[in-house]
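Peer 1: Spelled out, the chains give:
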Amino acid sequence: MLNADEICIRLEHDPGHVDRLAIVPRPDQAILRARGGTSVDLRLGRWFRSFKPSKSSEAKLWLEPSAAAPPLDADLGDLPAERQWAPPARDAMRTSEHFVRFGANFVLHPGRFVLGVTMEWLSLPRTLSGYVSGKSSLGRHGLVIETAAGLHPGFSGCLTLELANVGEVPVAISPGMEICQIFLHRVEQHECDDPGTFSGQRKPAISLPKRDAIFDRLRGAEPYSAAALR
Amino acid sequence: MAASSFPHDDGRAALAAIRKHCKDLQADLDLPVGVRTDVVDHLCLNLLDKVDKFTAILGFILRSTNVRNPFELHYIVKKLVSRALDGDVSLLISSEWTYVPFTYPMSVDQLPDAILIGTPAPESGNPLLIPLAGHEVGHSAWRMYGCSPLYARMANQAVKEEIDRNKEAGKALLEAAPLKALDKDRVINQCAGHVMEQLEEIFCDLFGLYLFGYGFIAAFDYLLGPGGHVRGLDYPSDDQRMAILVEAAGDKVEGALDLRLDAAMAAHWTVAAPSLADKAGAEIVDAVTRSMVPQVRTDLFARLQSLGINPPQQHVIDNVLQAFERGEPYPERVELGEIVSAGWHRLRALDLAPCRGADEEEKRGNRSKSYKVLADLVLKTIEVAEYHDRIAGHA
Chain A
2 MLNADEICIR
12 LEHDPGHVDR
22 LAIVPRPDQA
32 ILRARGGTSV
42 DLRLGRWFRS
52 FKPSKSSEAK
62 LWLEPSAAAP
72 PLDADLGDLP
82 AERQWAPPAR
92 DAMRTSEHFV
102 RFGANFVLHP
112 GRFVLGVTME
122 WLSLPRTLSG
132 YVSGKSSLGR
142 HGLVIETAAG
152 LHPGFSGCLT
162 LELANVGEVP
172 VAISPGMEIC
182 QIFLHRVEQH
192 ECDDPGTFSG
202 QRKPAISLPK
212 RDAIFDRLRG
222 AEPYSAAALR
Chain B
21 MAASSFPHDD
31 GRAALAAIRK
41 HCKDLQADLD
51 LPVGVRTDVV
61 DHLCLNLLDK
71 VDKFTAILGF
81 ILRSTNVRNP
91 FELHYIVKKL
101 VSRALDGDVS
111 LLISSEWTYV
121 PFTYPMSVDQ
131 LPDAILIGTP
141 APESGNPLLI
151 PLAGHEVGHS
161 AWRMYGCSPL
171 YARMANQAVK
181 EEIDRNKEAG
191 KALLEAAPLK
201 ALDKDRVINQ
211 CAGHVMEQLE
221 EIFCDLFGLY
231 LFGYGFIAAF
241 DYLLGPGGHV
251 RGLDYPSDDQ
261 RMAILVEAAG
271 DKVEGALDLR
281 LDAAMAAHWT
291 VAAPSLADKA
301 GAEIVDAVTR
311 SMVPQVRTDL
321 FARLQSLGIN
331 PPQQHVIDNV
341 LQAFERGEPY
351 PERVELGEIV
361 SAGWHRLRAL
371 DLAPCRGADE
381 EEKRGNRSKS
391 YKVLADLVLK
401 TIEVAEYHDR
411 IAGHA
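For the record, the sequence lines run as chains A and B.
For the first sequence, the numbering used here gives the first residue as 2, with consecutive numbering after it.
For the second sequence, the numbering used here gives the first residue as 21, with consecutive numbering after it.
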C-alpha cells in the first residue's frame with residue numbers, strides 16, 4: 002500500500018511517465034503529506050442517480066434467454082448474442098438522474114439508496130490499483146458508502162459511489178464534501194489492459210449484466226437460438 | 021413547473037417573474053359589475069395573446085431542467101457573458117425542438133436580464149455547441165455597446181460614396197427606384213439599413229470568435245455552415261461570414277484556415293446568392309459592409325480587451341488538448357473558449373467517416389463512446405474551472 006509520500010511522488014510525475022497517477026482536481030499535497038496517512042480523500046460530485054419505483058416484482062441481475070422471436074429469415078445459429086440473451090426488464094432498471102449544485106443538499110432518508118459520483122476524475126497507471134472505502138466519520142451517522150471497492154489498473158473516470166442510509170435519521174449530503182477515500186497499491190506485474198466497464202464517465206453509472214457462461218450452465222439456461230434449433 | 025428540480029436559481033427566478041406577471045394580468049380581469057360584454061371580450065383576448073407569448077418561454081424553462089442538458093456549463097458561461105456585457109445577467113441553458121440553436125438574448129420583456137440559450141434538442145448534451153451562443157449574446161452586446169448610432173452615419177456616407185464609385189451598379193440601383201433621382205435618399209437609406217443589418221451579424225460572429233476562438237469557427241461550420249437558398253440583403257452569405265472569421269482569426273487561431281479549406285473541398289457550404297432584382301443593391305451593400313468590417317472588428321476587440329477578456333490562448337489549448345488525448349480532464353483553471361477549442365480539435369482528430377451497415381456496428385459503438393468520453397472530459401474540465409474559482413473565492 003502506498004503511503005502519502007509515494008502517492009505525492011506519483012501525482013507529480015510528468016505526463017507519459019509509466020507510474021503517473023492523475024487526480025483532477027488535484028488533492029492538496031501539503032495536507033496529504035501532513036496527515037501522513039495512506040489514502041487520498043475524495044469529494045462528492047454533483048450528479049446522483051436513484052432507482053424509480055417499479056411495477057416489476059423483482060430485478061434479475063443476470064441475462065435471461067431472449068423471449069423475442071428473431072426475424073423469420075434469420076440464421077438462428079448465427080444470431081448475435083444480444084438477440085439470444087435479454088437484459089433485465091427495463092421497468093426494473095429505471096432510474097432518475099439528479100443534479101445538485103454547490104451549496105445545495107441531497108437528503109438521503111433512512112433505508113434509501115442512491116448512486117453518487119466522486120468530484121475527482123482519476124486516471125490510474127497500469128502499475129497501480131486501488132480500493133475505495135467510506136469514511137468512518139460518515140458511517141457513524143448511518144451513511145454507508147458501498148463502492149465497487151476494487152479499482153483496476155488503467156481505470157480512468159469518476160467513481161460511482163453506492164450511498165445508503167442505514168441510520169435512523171435523514172442524512173443531508175452536499176457536493177464538495179469529503180465522501181470516501183482511496184487506498185492505492187502497487188501492481189507487481191501490469192498485464193491488465195482492460196480499464197474496466199465504467200471507465201471514462203462523469204455521471205454515476207449502472208451497467209447491464211454481462212453473460213456468465215458458467216452461471217448459465219449451472220442454472221440450465223440456454224440461449225434462444227439453441228432452444229429454437231432443438 | 022415550480023415543483024421541478026431546477027439545477028440553478030436562474031430558472032426558478034425566471035419562472036417566478038413570469039408567474040408574477042401572469043398574476044398581474046389576472047388582476048386586470050377583476051372588473052366591476054356591469055362592464056359591457058364586448059369590452060370584456062376584448063380584454064380577455066388581449067390577455068390571452070400575452071399569455072400565449074409566454075408558453076414558448078415556459079416550455080423553454082421547463083426543458084432547462086432536463087438532465088440531458090450540460091448543467092456544468094451554467095457557471096462558466098454566465099461568468100463569461102456577465103464580463104462581456106459588463107453587468108449581471110441571468111442565464112438559462114435549455115433545448116429547442118426547432119433546429120434554431122440559440123434564442124431570446126435579453127429580448128423577453130418580463131426577463132430583461134435573462135439570456136436564454138437553447139441548443140438543438142437532439143444534441144442538448146453536447147457542450148461543444150456552446151460557442152454558438154457567442155453569436156446570439158453578440159446581439160445583446162451590439163445594443164449595449166451602442167453600435168447602431170456609432171456606425172449608422174458612417175454606413176450612410178459609405179453607401180453614397182460607393183454608389184458614386186461603382187457607376188454601373190449605382191445607376192441600376194437608382195433607376196430601379198420608382199421615383200428615380202427624386203428617390204435617391206430613400207434608396208441610400210435603405211442600403212445603409214441593410215449594411216447595418218449585415219454589420220450586426222458580422223459583429224456577432226466576431227464576438228463569438230473573440231470569446232471562443234477555433235471553437236466558434238468549428239461549431240459554426242458544424243451547425244450553421246450548410247445554408248442554401250437565395251439570400252436577402254440583410255444577411256451576409258455563410259461563405260462571406262466564414263471568410264471574415266478566418267481573416268479575423270489570422271494566424272492566431274490554429275486550424276481556422278484548414279477548416280475553411282476542408283469545407284471548401286467538401287463543398288460544405290453553398291454560397292447563397294441574392295435574387296436578380298437585388299443584384300445591384302447587393303453589390304453596393306456587400307462592398308460597403310466589407311469596407312466597414314475592419315473598423316467594427318478593431319473596435320469590438322479593443323472593447324472586449326478593455327473589459328479584461330482575452331481570446332483563447334493557443335498554448336493553453338494545446339495543453340488542454342494533450343490532457344484530452346490522455347483521457348484526462350485538464351487540472352488547471354482555463355477559460356471556456358480554450359476548453360471547447362481543445363474539444364473541437366480532439367473531435368475533428370477522431371475518425372469522422374460515416375459508419376454504414378451492420379458490419380460497422382462495432383465501429384459506430386466505439387465512436388459513440390469516444391464522443392461521450394470527450395463530452396465528459398470537456399464538462400469535467402469546465403467543472404474544474406468552477407472549482408478553482410470557488411476555492412479562490414471568485415465565484
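Some hints here could point you the wrong way.
Here are the simulated lysine-lysine pairs, DSS-like style, with alpha carbons at most 25 Å apart [unchecked claim]:
{"no.": "1", "chain 1": "B", "residue 1": "Lys389", "chain 2": "A", "residue 2": "Lys211"}
{"no.": "2", "chain 1": "A", "residue 1": "Lys204", "chain 2": "A", "residue 2": "Lys61"}
{"no.": "3", "chain 1": "B", "residue 1": "Lys392", "chain 2": "A", "residue 2": "Lys204"}
{"no.": "4", "chain 1": "B", "residue 1": "Lys98", "chain 2": "B", "residue 2": "Lys191"}
{"no.": "5", "chain 1": "A", "residue 1": "Lys136", "chain 2": "A", "residue 2": "Lys204"}
{"no.": "6", "chain 1": "B", "residue 1": "Lys40", "chain 2": "A", "residue 2": "Lys211"}
{"no.": "7", "chain 1": "B", "residue 1": "Lys204", "chain 2": "B", "residue 2": "Lys299"}
{"no.": "8", "chain 1": "B", "residue 1": "Lys272", "chain 2": "B", "residue 2": "Lys187"}
{"no.": "9", "chain 1": "B", "residue 1": "Lys40", "chain 2": "B", "residue 2": "Lys70"}
{"no.": "10", "chain 1": "A", "residue 1": "Lys204", "chain 2": "B", "residue 2": "Lys299"}
{"no.": "11", "chain 1": "B", "residue 1": "Lys43", "chain 2": "B", "residue 2": "Lys73"}
{"no.": "12", "chain 1": "B", "residue 1": "Lys43", "chain 2": "B", "residue 2": "Lys180"}
{"no.": "13", "chain 1": "B", "residue 1": "Lys272", "chain 2": "B", "residue 2": "Lys299"}
{"no.": "14", "chain 1": "A", "residue 1": "Lys211", "chain 2": "A", "residue 2": "Lys61"}
{"no.": "15", "chain 1": "B", "residue 1": "Lys187", "chain 2": "A", "residue 2": "Lys204"}
{"no.": "16", "chain 1": "B", "residue 1": "Lys204", "chain 2": "B", "residue 2": "Lys191"}
{"no.": "17", "chain 1": "B", "residue 1": "Lys70", "chain 2": "B", "residue 2": "Lys43"}
{"no.": "18", "chain 1": "B", "residue 1": "Lys392", "chain 2": "A", "residue 2": "Lys211"}
{"no.": "19", "chain 1": "A", "residue 1": "Lys204", "chain 2": "B", "residue 2": "Lys383"}
{"no.": "20", "chain 1": "B", "residue 1": "Lys180", "chain 2": "B", "residue 2": "Lys191"}
{"no.": "21", "chain 1": "B", "residue 1": "Lys98", "chain 2": "B", "residue 2": "Lys70"}
Partner residues aside, some chain B positions facing chain A, computed with beta carbon under 8 Å [as the list claims (entries may be wrong)]:
{"no.": "22", "residue": "Pro27"}
{"no.": "23", "residue": "Thr57"}
{"no.": "24", "residue": "Asp58"}
{"no.": "25", "residue": "Val87"}
{"no.": "26", "residue": "Phe91"}
{"no.": "27", "residue": "Arg185"}
{"no.": "28", "residue": "Arg346"}
{"no.": "29", "residue": "Gly347"}
{"no.": "30", "residue": "Pro351"}
{"no.": "31", "residue": "Asp396"}
{"no.": "32", "residue": "Leu399"}
{"no.": "33", "residue": "Lys400"}
{"no.": "34", "residue": "Tyr407"}
{"no.": "35", "residue": "His414"}
Derived from the structure by calculation, the hints contain no laboratory data.
The beta-carbon is built from N, C-alpha and C at its ideal position, and this holds for glycine as well.
Peer 1: Quick check: which numbered hints come out false for this structure?
Peer 2: 4, 6, 8, 10, 12, 13, 15, 21, 23, 24, 27, 35
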